[in-house]
Amino acid sequence: MAKVILTSALKRFFPTLSELTVPVSTISDVLIALEEKYPGISGYLVEDDGRLRQHVNIFVKGELIKDRNKLTDRLTDQDEVLIFQALSGG
Amino acid sequence: MNSSLLVGTAKGLVEFNPVGNEIDVTAVHFTGLPVSMVYVDERSGTWWVGLSHRHWGEKLHYSIDKGKNWQEVNVPKYTGYEYRKGVPATLKKIWVISHAGPDRPNGLWLGTEPGGLFFSSDNGKHFHLNESLWNHPSRQDDNQWFGTGNDYPFIHSILVDPRNSNHVYVGVSCAGVFETLDGGENWVSKNNGLVASYLPKASAEIGHDPHQIVQCRSRPDVIWQQNHCGIFRTTNGGGHWEDVSGQNGFPKYGFALAIDQENPNVAWVIPAKSDESRIPVDLKLSVCKTSDNGKSWREMNTGLPDHCSFDLVLRHAFVKQNELLAFGSNNGNLYLSKNNAENWIILSQNLAAINCLAFA
Numbered sequence: 001m002a003k004v005i006l007t008s009a010l011k012r013f014f015p016t017l018s019e020l021t022v023p024v025s026t027i028s029d030v031l032i033a034l035e036e037k038y039p040g041i042s043g044y045l046v047e048d049d050g051r052l053r054q055h056v057n058i059f060v061k062g063e064l065i066k067d068r069n070k071l072t073d074r075l076t077d078q079d080e081v082l083i084f085q086a087l088s089g090g
Numbered sequence: 001m002n003s004s005l006l007v008g009t010a011k012g013l014v015e016f017n018p019v020g021n022e023i024d025v026t027a028v029h030f031t032g033l034p035v036s037m038v039y040v041d042e043r044s045g046t047w048w049v050g051l052s053h054r055h056w057g058e059k060l061h062y063s064i065d066k067g068k069n070w071q072e073v074n075v076p077k078y079t080g081y082e083y084r085k086g087v088p089a090t091l092k093k094i095w096v097i098s099h100a101g102p103d104r105p106n107g108l109w110l111g112t113e114p115g116g117l118f119f120s121s122d123n124g125k126h127f128h129l130n131e132s133l134w135n136h137p138s139r140q141d142d143n144q145w146f147g148t149g150n151d152y153p154f155i156h157s158i159l160v161d162p163r164n165s166n167h168v169y170v171g172v173s174c175a176g177v178f179e180t181l182d183g184g185e186n187w188v189s190k191n192n193g194l195v196a197s198y199l200p201k202a203s204a205e206i207g208h209d210p211h212q213i214v215q216c217r218s219r220p221d222v223i224w225q226q227n228h229c230g231i232f233r234t235t236n237g238g239g240h241w242e243d244v245s246g247q248n249g250f251p252k253y254g255f256a257l258a259i260d261q262e263n264p265n266v267a268w269v270i271p272a273k274s275d276e277s278r279i280p281v282d283l284k285l286s287v288c289k290t291s292d293n294g295k296s297w298r299e300m301n302t303g304l305p306d307h308c309s310f311d312l313v314l315r316h317a318f319v320k321q322n323e324l325l326a327f328g329s330n331n332g333n334l335y336l337s338k339n340n341a342e343n344w345i346i347l348s349q350n351l352a353a354i355n356c357l358a359f360a
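In order, the protein sequences belong to chains A and B.
Take the first sequence: its position 45, counted from the start at 1, is 45 in this note's numbering, and no numbers get skipped.
Take the second sequence: its position 263, counted from the start at 1, is 263 in this note's numbering, and no numbers get skipped.
These are calculated hints, taken from the structure and not from any lab test.
Please note: incorrect hints may appear among the correct ones.
Covered, in the sense of this in silico footprint (three residues per stretch, anywhere, with C-beta under 8 Å from a C-beta of chain B), are these stretches of chain A [said to hold, decoys possible]:
#: 1; segment: 32 to 46
#: 2; segment: 57 to 70
Computed cross-link-like contacts, EDC-like style, restricted to lysine to aspartate or glutamate with a CA-CA straight-line distance of at most 16 Å [said to hold, decoys possible]:
#: 3; chain 1: A; residue 1: K3; chain 2: A; residue 2: E80
#: 4; chain 1: A; residue 1: K70; chain 2: A; residue 2: D29
#: 5; chain 1: B; residue 1: K125; chain 2: B; residue 2: E72
#: 6; chain 1: B; residue 1: K295; chain 2: B; residue 2: E342
#: 7; chain 1: A; residue 1: K3; chain 2: A; residue 2: D67
#: 8; chain 1: A; residue 1: K3; chain 2: A; residue 2: E19
#: 9; chain 1: B; residue 1: K77; chain 2: A; residue 2: D49
#: 10; chain 1: B; residue 1: K93; chain 2: A; residue 2: D48
#: 11; chain 1: A; residue 1: K3; chain 2: A; residue 2: D48
#: 12; chain 1: A; residue 1: K61; chain 2: A; residue 2: D49
#: 13; chain 1: B; residue 1: K77; chain 2: A; residue 2: E80
#: 14; chain 1: A; residue 1: K61; chain 2: A; residue 2: D48
#: 15; chain 1: A; residue 1: K11; chain 2: B; residue 2: D243
#: 16; chain 1: B; residue 1: K85; chain 2: A; residue 2: D49
Beta-carbon label-pair distances, calculated as ranges [said to hold, decoys possible]:
#: 17; chain 1: B; residue 1: V28; chain 2: A; residue 2: K70; range: 52 to 62 Å
#: 18; chain 1: A; residue 1: T21; chain 2: B; residue 2: I345; range: 55 to 65 Å
#: 19; chain 1: A; residue 1: T72; chain 2: B; residue 2: K284; range: 31 to 41 Å
#: 20; chain 1: A; residue 1: R12; chain 2: B; residue 2: H126; range: 19 to 29 Å
#: 21; chain 1: A; residue 1: R12; chain 2: B; residue 2: R219; range: 17 to 27 Å
Heads up, the beta-carbon is just placed ideally off N, CA and C, and yes, glycines get one too.
Here chain B stands alone, though its shape is the one from the complex (with noise of 0.2 Å):
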């Protein structure tokens, strides 16, 4: 492993590096707080951090040197906007960021909730709401924009188009997959094929729980989604999803997704139990693989706990840098494989729970 895996944690950010031939920590920031969102801006190198203090809210930090140094930037605000009518909206929580592009190097897109999408255009000194986004119908709608595990609706996944980057998909918790095609300035649902059993009209045009999208980079119209109700995945960037999930039900349901970025036919799932248990299939934690744009799933499970395992794998907690992946746990537990999942090996079990990775 050449690069550094970045492990936010509910106790801290702790950064794990090749330590002669082992894999160690060797760095904890923000010992003690809990680290809810990094990204590592791949322009820059800037590492970001979201914090969630339980006492003095949301809080966003970087740093330029690897660590070394920390700058706290003001986060973004909600001043003067409503949530619904006569509520007014308030920052809960920075779930994503991402950089904006080659073209725009200090643009940077940030999800958050309540449902608002930021755009800094001045690398994160400044952010303003995206109104166009906010004031869409269907955000205004109790129906199609809504809290389900949160009280309130969230941007957690923003995919930038590497052909273009005022082509923007952004996924919400729960209301489902936006496009713009200009920078923000418009925005569609794109949510066609997607299942939402838990409505009454499934196919229900905005409402959907796509818990995570990843896009390919080598093919940017596809893209996958682990969703609450299944496991889709579109050819045509968004015009249709196709329902992946494997057969007899498994994989299904789930948080986590990696993909490969050049061959658009591979991606990795860890399946978990429905929403009422949230704890892995038979409490056997698994990591499933298809090669064949989910035709077809096979475990990948050497090294993993084959028993007894209550871990759950969150959204951002399982990530991908050429061959390495790397997963971590609400149990503090963190795996690494180092030949796309052929095999895992443990590189803590002492963390506290495990919220985001990022290979630096």
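If we strip away everything but chain A, and leave its shape as in the complex, we get (with noise of 0.2 Å):
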């Protein structure tokens, strides 16, 4: 399994948000776990398309991930994934 964990800011719109703890698979598969746990909060973290928005970061282990376009990192039992908003604004 793998932590997620996610920016204090989004819970201004997803007030119960929380940690959370999904099956290892790739950052797709866990957009997917967030959309049916918090309904409408993948449209705040990717384009129409699919893509990570331009101003969020997704972490994993500490670094960022590779694949921006179709998330297709994978993940690994116990890793630890981040979810932010990227440093913007100064």
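Hints given; two lone chains; assemble the complex.
Here is the structure:
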């Protein structure tokens, strides 16, 4: 299982947002799991064509994911996935 | 003022209401978030708000109880559609929303960037791209539909004929004005008489930049247009547009336009200096009014600053309701007139950049 932690900035729109654990899979599958638990949240994270939004970053084991277009980066057991807004605006 | 004035700013939706003898802020909604669109559906009183999150993209919210509670709905998606061959289309911005007529109580039109028009038949629960306009040959031509101030073309004006809800106009920057007579099944351009001085052929059929179009409710064949290249007016539903810009080029350029819904000869504009600078002409914030179809214009500036103003008023930031007129600027200044612009009062000089207004 992997642990998913989301930026607290999203709690404004999803007040019940909290850490969750998901089966080890791909980042794309993580977003599917998130959408099931928090309907509408994927629209905050990805564009219409599934690409990660320009100002959203996802880290796995402290490193930015490689595939921002199809989100195919694979997770391994005990991974920690961080979903943050990109630093912008100074 | 018996109405609420909703002010969409870069940092929230600010609600003004009468308080005693004054008009003051009574609520702030979406505090800190960029409000890019506000619309009040006159059929139901529903308030609609578009947000343009820097990080999270475009969002759409509505309230059926005058802002006490808000609901978010899924925004339209371009999934599966291409902007150009091989280039996926994605929603860049929600520019405008309009009811689809009294005979379609749950119908909504929604105009977006990069140029897609969407329709909802269930009051915003689901939106579907109008494929007829999206597949119009001109839309797929870089010479005819293109971005200017923005990277992509966008639909900013939607006019539903009060006599016939199948008769709809949209205004597109840049492309021009398009009309459907069959509820969106077919679209034709309606740009005869317009000028596109930035094109090799200024009288091109398509490629115009109507900053805003507004239809006279009592005479729906009269439509006014504040265009990049002047102020235009048609009396035959867009069959021909006449340049009614002021003599000596003032007023001419600008974004904001308000019209009298009963008298088709009366309109107001807020001029700006050309697109290179986008500031008031001679740094003087000015509202110009015509009462004779644009044959002549006069300034209506009592109460406005008479020098050193850098205020730009955008296309959706000038509204009229009965004798009330209100406008807001990119510098967060908000003005109200209770008498058709005979004089102006300052409602606030401390707001964030104002993008859009609506009376509710």
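Taking the hints in turn, this is what the structure says about them:
no.: 1; hint: 32 to 46; verdict: holds (count 4)
no.: 2; hint: 57 to 70; verdict: violated (count 0)
no.: 3; hint: A:K3 / A:E80; verdict: holds (5 Å)
no.: 4; hint: A:K70 / A:D29; verdict: holds (11 Å)
no.: 5; hint: B:K125 / B:E72; verdict: holds (10 Å)
no.: 6; hint: B:K295 / B:E342; verdict: violated (20 Å)
no.: 7; hint: A:K3 / A:D67; verdict: violated (19 Å)
no.: 8; hint: A:K3 / A:E19; verdict: holds (7 Å)
no.: 9; hint: B:K77 / A:D49; verdict: holds (9 Å)
no.: 10; hint: B:K93 / A:D48; verdict: holds (12 Å)
no.: 11; hint: A:K3 / A:D48; verdict: violated (26 Å)
no.: 12; hint: A:K61 / A:D49; verdict: violated (26 Å)
no.: 13; hint: B:K77 / A:E80; verdict: violated (30 Å)
no.: 14; hint: A:K61 / A:D48; verdict: violated (27 Å)
no.: 15; hint: A:K11 / B:D243; verdict: violated (51 Å)
no.: 16; hint: B:K85 / A:D49; verdict: holds (15 Å)
no.: 17; hint: B:V28 / A:K70: 52 to 62 Å; verdict: violated (40 Å)
no.: 18; hint: A:T21 / B:I345: 55 to 65 Å; verdict: holds (58 Å)
no.: 19; hint: A:T72 / B:K284: 31 to 41 Å; verdict: violated (58 Å)
no.: 20; hint: A:R12 / B:H126: 19 to 29 Å; verdict: holds (25 Å)
no.: 21; hint: A:R12 / B:R219: 17 to 27 Å; verdict: violated (46 Å)
Hint compliance for this structure: hints 2, 6, 7, 11, 12, 13, 14, 15, 17, 19 and 21 are broken, all remaining hints hold.
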